Structure formats: structure tokens, C-alpha cells
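Line by line, the protein sequences are chains A, B and C.
Quick note on the working numbering: the first sequence kicks off at -17 and runs consecutively.
Quick note on the working numbering: the second sequence kicks off at 35 and runs consecutively.
Quick note on the working numbering: the third sequence kicks off at 43 and runs consecutively.
Hints were generated in silico from the structure; no laboratory data involved.
Do not take every clue at face value.
[To be verified] Over the 10 Å line for every Cβ pair with chain A, so calculated as not near, a few chain B residues:
| id | residue |
| --- | --- |
| 1 | I93 |
| 2 | F101 |
| 3 | I102 |
| 4 | R147 |
| 5 | L190 |
| 6 | F306 |
| 7 | L318 |
[Stated by the list, open to error] If you want the footprint, here are the derived chain A segments under chain B, 3+ residues with CB under 8 Å:
| id | segment |
| --- | --- |
| 8 | 20 to 33 |
| 9 | 191 to 198 |
| 10 | 246 to 256 |
| 11 | 375 to 383 |
Note that this is a predicted model, so its numbers are computed, not measured.
For every residue, glycine included, the Cβ atom is placed at its ideal position computed from N, Cα and C.
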Amino acid sequence: MKKYNKIFGVLVVFLMVSGISALIVSPAVAADPVKVAVLTDMSGPYAGITAKNVDAARMAIEDFGGKLLGQNIEFVYRDHQCKPDVANQKAKELYEKEKVDVIIDCPNSAAGLAVSNQARIHKKLFFPIGSGTTRLNGSDCHRYTFHWGYNDYMLATAAGLWAADNLGKRWYTITADYAWGHSLLKNFKNALKSRGGTLLGNDMVALGTSDFSPYILKAMNANPDVLVLLNAGKDGVNSTKQANEFGLKKKVKIIHALFFIEGIKAVGPDVFADDYGAAPWYWKSQNPGAQKFVAQWQKKFNKPPNWMNAATYSAVTQYLEAVKRAGIKDAKPVIEKLEGHTFRDIFANPGYIRPDNHMKVADANIIRAKRKEEIKEPWDFFEFVGSVSAKDAYEPVGKTGCNMGGF
Amino acid sequence: MSAQFIGMQLFNGLILGSVYVLLSLGLSIIFGMLGIINFAHGAFYMLGAYAAYTITSYIFPNFWIAFIFGPIFMGAFGAACEVFFFRRLYKLPPLYVMLFTFGLMMAFQDIIRMIFGSMGVPFNTPESLMGAVNLGFMYYPKYRLFLIIVTALCSLGVWLFLSKTRLGALIRAGTDNSQMVDALGINISRITTLVFGLGIGLAGLAGVLVAPIQNVTHLMGMDFLIDCFVVVVIGGMGSIAGSIIGGLIVGEIIAMGIMVWPPIANTLIYLFMAAFLLVRPRGLFGREAFHD
Amino acid sequence: MIDSAMSKKKIITLSSAVLLSLLFPYLTPYTALASEILVFALFAMSYDLVLGYAGMLSFGHAAFFGIGAYTTGIMLVRVYPSVMPALLAGVIVSSLAALFVGYLSIRRSGIYFTMVTLAFAQMFYFTAFKWTGLTGGDDGLQGVPRPSIGPLDLTSEITLYYFILFFVLLSITIGLRVVNSPFGKTLQALRENKDRTMSIGYDVDKFRLIVFIISGFFSGLAGGLYALLLNFVPLSSLYWTTSGEVVVMTIVGGMGTLFGPVLGALGIILLRDIISNFTESWNFIMGLIFMGCVLGFRGGIMSIIRDKLKLNV
């Protein structure tokens, strides 16, 4: 009999320990202060790009003064490991247990959509940055989610329009064969069509394909002006490395869907040299306060911030400003203050929060990756080559598929 | 679809197949000799690529130095792992060994992430192998031809070593019955260390070879790992010839799948494996000894 | 024959376990985590039937978990928003999938059985990945609702926890019945000595197939509950890493014990959640823990409880 008390005791102790450790992780808080959370990838594949969003949010709170509505602003963060199921669980923890008012970031589209759904269920705010799916401000939009960084429509349309005007009208595309790639392709095609260009061919490539040479070869045979690579991460690097290997760049310009300074740093400037892409932001930006932010960041981390860091800083700042204007942290009044708001900050000059689909819009930048010999300063991997107005770069009102609904 | 494209794609299948061959050779001899299903094999492959990166960017900026010393270093590292870790595992049921190697894989990947970050590291094609060669019917990148040749030579070397030398004969005997070799008064533990080192060295070589044409990241082994299990199973567990032929078959299946209908390219090797095993339960050259 | 003293002890252990499970959500960092632990405990338990009791190393159990989750999710999102029919559909479809996979793979043994199950699971994964119209593809199946069942408001996390707990306890009870039945004993005899059991006249393949389907049934139930818990179905629920995870949970917990895998799921999920809040290197720590498990205590958590505390659960 005693034995069983013992095992019971052991189990209870085990659970108590876990419970207590949980308490240490998340100390109980008083009801009132504004609480901001960053939920991002800190140990998964995007960690190198997104982990420092935590510091960006902290910096934004500090620069804001650290206090709001008479109380200190509180801050927590969680690592979602780039897994949508973990993101979903952590979002619940943050909204329910930690009682946060807003979750910022969340790379990975599936994770972004899942957290957005939790935001709707819990009636709390969510500012996706790293996830670009247009569903967040299209079919899956709602009052509580504000899409802050970019979306896939913008990436494709801005780069597409600019390339058709400046690089040539005969294109070939290589597309990652899943929802993200398909959505980019559709928008690139539309951009090209609106400028009267021709698509010479497209290849759908299975995700995780390690060998792109057959597609590169087909693209070279088609002899286009522009090759559009609609893939990201590992696939983006592999396809570009192999395009170089076959000497494609001697005749053809390459456009990428998405660029990061860390990505260039990782693979070296040779791989992406002279390629183009749209960018929400670059650290040489002349937006108000941007250079001060960059200097602060450089001092702290010995490298410039990437655009996601800047977007996080901006999202936190604009959220806090909205709470200040509303004078109360409840979701509804804060949302009403955000909708239709125009602002100027480090990330957007000017930025406008569209009330019809909660997309933060701003002019899009087009950047070119510098060749090795052009790089004079560490991390200065890009140059601005043009911009596309917010009006052209984002979906026209009424075409988004968003039905905003009530609170 | 032009004949040139088909020819090109056959060559590309050969490239992919070559990488599979190098990885599965190691996987297969380690399984055959030691009975270990090595989940960490992909991680060793990844470590090979990082070893090459470390050599070229911190020690001596020359691809050939990395090409020679990277695999040797990995072989020595593998042998050390055998002495310190794996030796303790031989008597355990395969399941625990699997869990152990799974844990080892996670630890290796995370150590590399901590040191080099999660974005990967740069690695360029060596100067002397840039550009393309005219094969008569098509132009093909020099580096890829080099890769095929190296793999062919390595496979040949391993095969000669195992079939023509005394040590090789011992290894083959040990694969079939390690107690028997032990009973003959031969120090089996030396041989197991050697086999392990050889297997890991081959994985390291694959990592070095692939670095210039693939993104070098801490997760690069994950994609190849499961594919290599497929190769080894199709070829027959523990068979050298099986690994070589299985690797080339799988490489070509993927390459052909891409040509015929890309959406199914991923699934094709699994379909093929399932169908193949239903018809031929032990793979191409699998032996009865490993059936259970 | 179980003597009455023995069964009395068992009852006490069981009832304290039940009591603990009732209090459990208040002891974990957050309620949804407790529910997640339950779901994976059920999944690991159902996997243990195949691995621990029948000795078959399936590396494709993500298929049944994922199919259960997707079927339940699709029923709720696209067909009819009612929980019970959706769960029922989930277990039926996953059992059928288990019948299909089992029928084709059961005759293979050892590593070849493992690989055939993996191959089928990967096919299901790629099918779900491609069939975006039905499954949502890479974005996962989003927006799975939790409609109320009569007065049961499942949108509350704590209610959902007890709802899941009900199914888990029910499943464990059935699972215990199965392994202690003549059928279960035959399975274990099969695991220990296949040839002898065959020579007595048992149809080995039939036994293996039946336990495979039972396991698929409970995995599908776990999957369906997972869809409810997350309000969506992640594509990764079909991926081979999910299969790997359940194998690890079962081994770490102690296979062939049914309760072991439950503790394995508890330990791994809780630890991962807590460690990942402290450090980005949680993968490294988890890896070391797995290696330590193999070198240190091979019978899993259950063997520690048994040996160190001299208990027999």
C-alpha cells in the first residue's frame, strides 16, 4: 500500500515542479498594464532572420518611454520554432495565461494564419510580420489582425511592374510548387500582362528539390530577358547557385521573391550578385528616425537590422501610439484608432493602415544585390534602384476578397 | 522535349544518384557490419560540408585541401565516435540505437546552428572547375562531371577494398557473423572502428562534394536522410552493389519524374519502393540474414 | 487469473492516476499544453500496441494520426459542424487507412516493414501537400471550429481538456483490456517467438493486421482530438518527423507498458515547452536527453519507476 503512496507522491512532486517552473517562466501579473508579446522563430530555419525581432520590440518599448496609461509596459516573447502547431499553442498561452494584449510577428504562413485565428477567438490583436500570405488580409481577414510587414501580392507586383519597365518584357519563371509559389506566380503574371510582356515559360518545381539544372537549362533555351525565381530559403540559394554554374547570368537578369541581408551574408555576395527584388525596407533607408535606429542597432549587435527587425519596431511603436491615442488598451477602441491611420516612422514614410483589409501599405523599394567589388561597407549588400507606389504595389480596394466583419 | 534535355536530365539523375551512392554506401556498410540504423548519417554528411567550409575559410583557402582533408577528418571523427559512443550500443536492440542516433543527429545539428547560425555558410565552386565542357551533344558543367567521376572512383575503391583485400574479406565475414570472426582470434573491435570511420568518411566526402552546388546549412542532411533509407532498402540492406545500383536508380527516378510530371517527383521514389518491396521483399541484393 | 489483492492495488494506482489527470491542467504552464500532452499520450499509447506488444516498428504512424486529424477537420469545416460525427469519421477513415497500409505491409518484417510503412505515410503526406483544395496544402487546414455538444462548450480550453481526457481514459481502459485479453497474450507470444506461435497454429498475419488496425483507430482518434485542440490541422501532422516523435515518446516512456508511452509523451512535451522558453538550444538538450536515455536507462521512465522505487505498476 505504501508503495502506491510513494508513486503517487513522486508524480505529485513531478507535476508540482513543472507547475512551479511554469510560474517562474510566467509570473502572474496584475490586470492592467499594456502587455506586448513577440512570437517568432528563434531556433528553427528562420531564426537567423527573425530571432532579433525580440530585441527590436524591446527597443521600441524603450524608445517609447517604457510607460503607458500610467504603468510600465510589459513584454514577453516565445519561440515558435517555425512550427505552426507550436505557434498556435504558444498563442493560446500568450493570450490566455500571459494575458498579453498584442502578439507581434510570427513567420511562416501556416503559423500566421493559425495565430490570426486565435486572435479572432480571443478578441486580441495580432500583427503578423514574417508571414506574407495574402489570406491574412484576404479571405481570412478580420478586425483583430493587422498585416504589417509585406504581403506576397506586393512582392510580386512591385518587382514585376518595375522589372517589366526596366529590365525587359520577355520572362521565364521557375516556381516553387506550393501555395506561396502559386500566389506569387499569379501576381507576377498579372504585373507582366499589365505591361504587355510575354511569359516564355514556367516550371513548377517541387519544394525541396536539390537539383535545378534541368529548369535552368530550359530557361536558357528560351532565351528570356528576365528569369524570375519564385522560391525562398534553401531552394532559392540552390537554384541561384546552379544558375551561376551554368553561366545563365551572363545574358539574363534574375528577380527573386524575397531578399535578406543575412541570406547574402550566409551564402556570400557572389551567388546573388546583380539580382533584383522588392524589399519592404533596407537599412540605408532615409525614413524619419531610421538612421538613428540603425546606429543604435549597429552599436548593440555589430550589424545592421534587417527589414523584419525594422517592421517589428514599427509595429510595436504604432500599436503603443494607438493605445495612447485611444487612452485605453481594450481591443475595440485601439483597432478603431489604427484603422485608416497614416503615420511616418522608420519603416514606412508615409505608412497607411487600410481599413478595408487591415494591410499596412507604403511605397515598395526595388533593390539590386551588389557585386563583391561594389561593397564598400560591411553588410551593405544592396542598392536602391527604384520604387513602386503603394497604390500600384498593393491590391486595389474591393479586389482583396476580404470581408472585414464586426468585432 | 529535346534529346539534349533528356540527355542532360539523365546526367543530372546521375549526379543526384552519386550523392545517394556515397551516403548509402556508408549507411549500408555500417548497418551490415554493425547492425546500426544510423539516423545521424545525414548529420555526418552535413558536418562534412562544414568541415570543408572551415578548412577553406579559416585554415587554408583551397578547395583541394578541403576535398582531401575534409573526408579524412570526418573519417577520423567517425572512428572516434565509434570508440566513444557506438561501441556501447552494439548489444542493444536496434530500436535503442535508433533513438541514440536520432538524439545525436539533433545534438550535432544544433551545435552547428550555435556556431555558424541557422542561415548557412558560403561555399563557392573551385576556380579550376568552373565553366562547362562540350560533351559533343551538350555542354555540361565541369564540376558536375568531376562529382560523377569522384563517386565512380570511390565506389570502385570501396568495392575493390571489400572484395580483393584480406581486411575487406574480414569485414564481409564480420558482416555475416561477427562472433565467428571474433572466435577466429581476430580483433573485431579494430575492424568495427575502421568500418565506421570508412562509412562516415564517405558521408563526409558527399558533404564536401555537394557544398559548392547546394546551400550549406545545419539542416541539409535531413532531406537526404530519408531518401537514403529508401536507397538502402531498394538496394538491399548491407549490400555494396545494392547501394550503388539503388542510389543510381533513385537518382534517375527523381530526375525522370521531374521531366515527366514534376508534381509527383517527390512521391515517386516512395511509390517505387513500396511496389518494389511488395514484389521483392529483401530489395535487390538483400540477404536473408537481415530479414528480421 | 488476477488475485484480488493485486487488482485492489491496481485500482488504487489507477484511481490516483485518474485524480492526477483531473488536476493536471492546473499544474502545467497552460491548459492547452495539458491537452496537447493528453493527445500525444493517446497517440503514443496506441503506437505502443504495435511496437511494444506486437514488436512491429512502424515508421508511418503519422499517417493515421494525420488522416484522423484531417478527416475530422474537413468534416467540421466543409461538411457538417458537429463534433461527434466528425470524430467518428476520423477514426473510421484512419482505421481504413490502417487496414490498407497494414494489409500491404504486414507480411514484411524487420526494417522492411518499417520502410514500407514509412513509404505509405510519405505518400499520404505528399497527397495532402498537393491536394490544396481539400486540405489547405502547406498552409494547413485552417479554421476548424469547436461546436458545442449540448451544454458542453468546447471553446473553453478547460472543458476541451476534460472532453479529451474522457476519450483518453476510455481508450486506455480499452487498450488495457486488449493487451490483457487472450488476443493480447498471443500478440506478445508472437513478439517473443514468432515461429513457435505459428507452429501452434496461430495465423500470425491476421493477429498483426488486427492490432495494426486497432492502433490506427486510436491514432486517428488522437488526430481528431488534435484538430479540435489546435483549431486547425498542420501539414506536419502527416510528416515523418511526427512518426519519429511518437517512436521516441514510446521508447523514452518504456515500450510494452501502455502507461510508459503516456509518461513519455508527458515528459517530452512538457520538457520541450519549458526548455524552449529558456534557451534556443533546446534541440541540443533534447538530443542529449535521448542519448542519455539510451546509455542510462533503457527501460524508459517506467523502468525507473519500477526499479528505483521497487514498484510494479
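Do the hints match the structure? See the list:
Annotated as non-interface, I93(B) keeps its C-beta farther than 10 Å from every C-beta of chain A; the closest such distance is 18 Å. Distance check on F101(B): its Cβ is at least 17 Å (rounded) from any Cβ of chain A, clearing the 10 Å threshold; non-interface status holds. With a cut of 10 Å on Cβ distances, I102(B) stays outside the contact zone with chain A, its closest approach being about 22 Å. Not every C-beta of chain A lies more than 10 Å from that of R147(B), the closest at about 8 Å, which undercuts listing it as non-interface.
The Cβ of L190(B) lies farther than 10 Å from every Cβ of chain A, with a closest approach of about 24 Å, so its non-interface assignment holds. Look at F306(B): its CB is around 16 Å from the nearest CB on chain A, clear of 10 Å, so calling it non-interface holds up. With a least CB separation of 24 Å from chain A, L318(B) remains clear of the 10 Å interface cut-off, as annotated. Under a criterion of three residues with beta carbons nearer than 8 Å to beta carbons of chain B, the stated coverage of the segment 20 to 33 of chain A is upheld, 7 such residues being counted.
Counting residues of the segment 191 to 198 of chain A whose CB falls under 8 Å from any CB of chain B gives 5; the rule of at least 3 is met. Counting residues of the segment 246 to 256 of chain A whose C-beta lies closer than 8 Å to any C-beta of chain B gives 6; at least three are required, and the coverage claim holds. Given a C-beta distance limit of less than 8 Å, the hint that chain B covers the segment 375 to 383 of chain A is violated, as 0 residues qualify and 3 are needed.
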